[in-house]
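Chain by chain, the residues run as shown.
2 protein chains.
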Amino acid sequence: MDAALKALAEPRRREILRIVWDHEVAASDIAAHFDVTRSAISQHLSVLREADLVVERREGTHRYYRAKPETVAELRAFLDDYWTSGLGRLRVAAEAAERRRRDR
Amino acid sequence: MDAALKALAEPRRREILRIVWDHEVAASDIAAHFDVTRSAISQHLSVLREADLVVERREGTHRYYRAKPETVAELRAFLDDYWTSGLGRLRVAAEAAERRRRDR
DNA sequence: CTCGTGCGTTAGTAATCGCTTACATTTGCG
DNA sequence: CGCAAATGTAAGCGATTACTAACGCACGAG
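Those sequence lines, one after another, are chains L and G.
Residues in the first sequence are numbered consecutively from 1, following this note's numbering.
Residues in the second sequence are numbered consecutively from 1001, following this note's numbering.
One thing to keep in mind: the hints can contain errors.
[Said to hold, decoys possible] Counterexamples of contact, computed for chain G against chain L with all Cβ distances above 12 Å:
1) R1014
2) V1036
3) R1038
4) S1039
5) S1042
6) Q1043
7) E1050
8) V1055
9) E1056
10) R1058
11) T1061
12) A1073
[As the list claims (entries may be wrong)] Partial list, derived from the structure: chain G residues whose beta carbon lies under 8 Å from chain L:
13) M1001
14) D1002
15) L1005
16) K1006
17) A1009
18) R1076
19) A1077
20) Y1082
21) W1083
Since the hints were derived computationally from the structure, they do not count as laboratory data.
Quick caveat, the model's predicted, so the values are computed rather than measured.
Built from N, CA and C at the ideal position, the CB exists for glycine as well.
Use the sequences and the hints to build the structure in full.
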């Protein structure tokens, strides 16, 4: 999950994920969208695959990538929880105030 | 916005932002939560401040930090849009298919 | 079997990151 | 003023990042 968020902190990878969101796209077709080398894209795809954000299917000499909706959904849920889990935050802040009072 | 997402890709900074979510907390109180140096936390706070995710208020020798809800909301909106903006994705995928057909 | 194509992998590089240690700055207090 | 507390800043370090260039490998066509 942490790996997924880190992977999407990179704009290029966000764009790649968009491209393969609901279609399988071959690596070279993905690379055609960018000004960088195929190699760079291949490495980005590795990062996305290791973060489990995309899946790869091989067919002949081609390699098709597609977003993995489960992981995307998990990441989304993780963030939604982050924005809204106020209880944990309040507790931690209260502890800080408490500690400050005690240590003086 | 990009800076904000990048800032939150770091677990420590996510935790810091949580701590100052709805309370002003002094730098040293924030640092007390972690095993790393005050200095490291100070640098994390700089990153968060430059990403406009927190604001700083000085009072005497203290420096109080608090999350900036506007930026958090913007980031959240940006991501919500990312997850759901399907039209752009379809267009891009269609272009890829088109290009592939043309180039053969 | 051999050659071109599609892609990954390796090696190398400049930049950035997260961290520590040491020093600087500001503020309040006696 | 002189010292201590709260905090930032600077310098340096090992790890990682995003990239390029070059090579390697598997597959399909002839």
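Given a cut of 8 Å on the nearest C-beta pair, is the interface hint for G/Y1082 held or broken against chain L? Because about 7 Å separates G/Y1082 from the closest Cβ in chain L, which is inside the 8 Å limit, the hint holds.
Does the CB of G/A1009 sit less than 8 Å away from some CB of chain L? With Cβ-Cβ at 4 Å, under 8 Å, it holds.
A cut-off of 12 Å on Cβ-Cβ distance, and G/A1073 was said to be off the interface with chain L. Does that hold? violated (9 Å)
Hey, does G/E1050 actually stay past 12 Å from chain L on C-beta? holds (15 Å)
Taking C-beta pairs only, is G/R1058 more than 12 Å away from all of chain L? holds (17 Å)
12 Å cut-off, C-beta based - G/R1014 kept clear of every residue in chain L: violated (7 Å)
Interface hint compliance - G/M1001 to chain L, C-beta minimum distance less than 8 Å: violated (10 Å)
Would the hint on G/R1076 be counted as holding, given a Cβ-Cβ threshold of 8 Å to chain L? holds (6 Å)
Would the non-interface assignment of G/S1042 survive a Cβ cutoff of 12 Å against chain L? holds (16 Å)
Exclusion check [G/S1039 not at the chain L interface, CB over 12 Å]: Check passes; 19 Å lies beyond 12 Å.
Beyond 12 Å from every Cβ of chain L: is that where the Cβ of G/E1056 lies? It holds; G/E1056 is separated from chain L by about 16 Å at its closest Cβ, greater than 12 Å.
Could you check that no beta carbon of chain L comes within 12 Å of the beta carbon of G/Q1043? Non-interface label on G/Q1043 holds, nearest chain L Cβ at 18 Å vs cutoff 12 Å.
Violated hints, listed in ascending order, are 1, 12, 13 and 19; each of the other numbered hints is respected by the structure.
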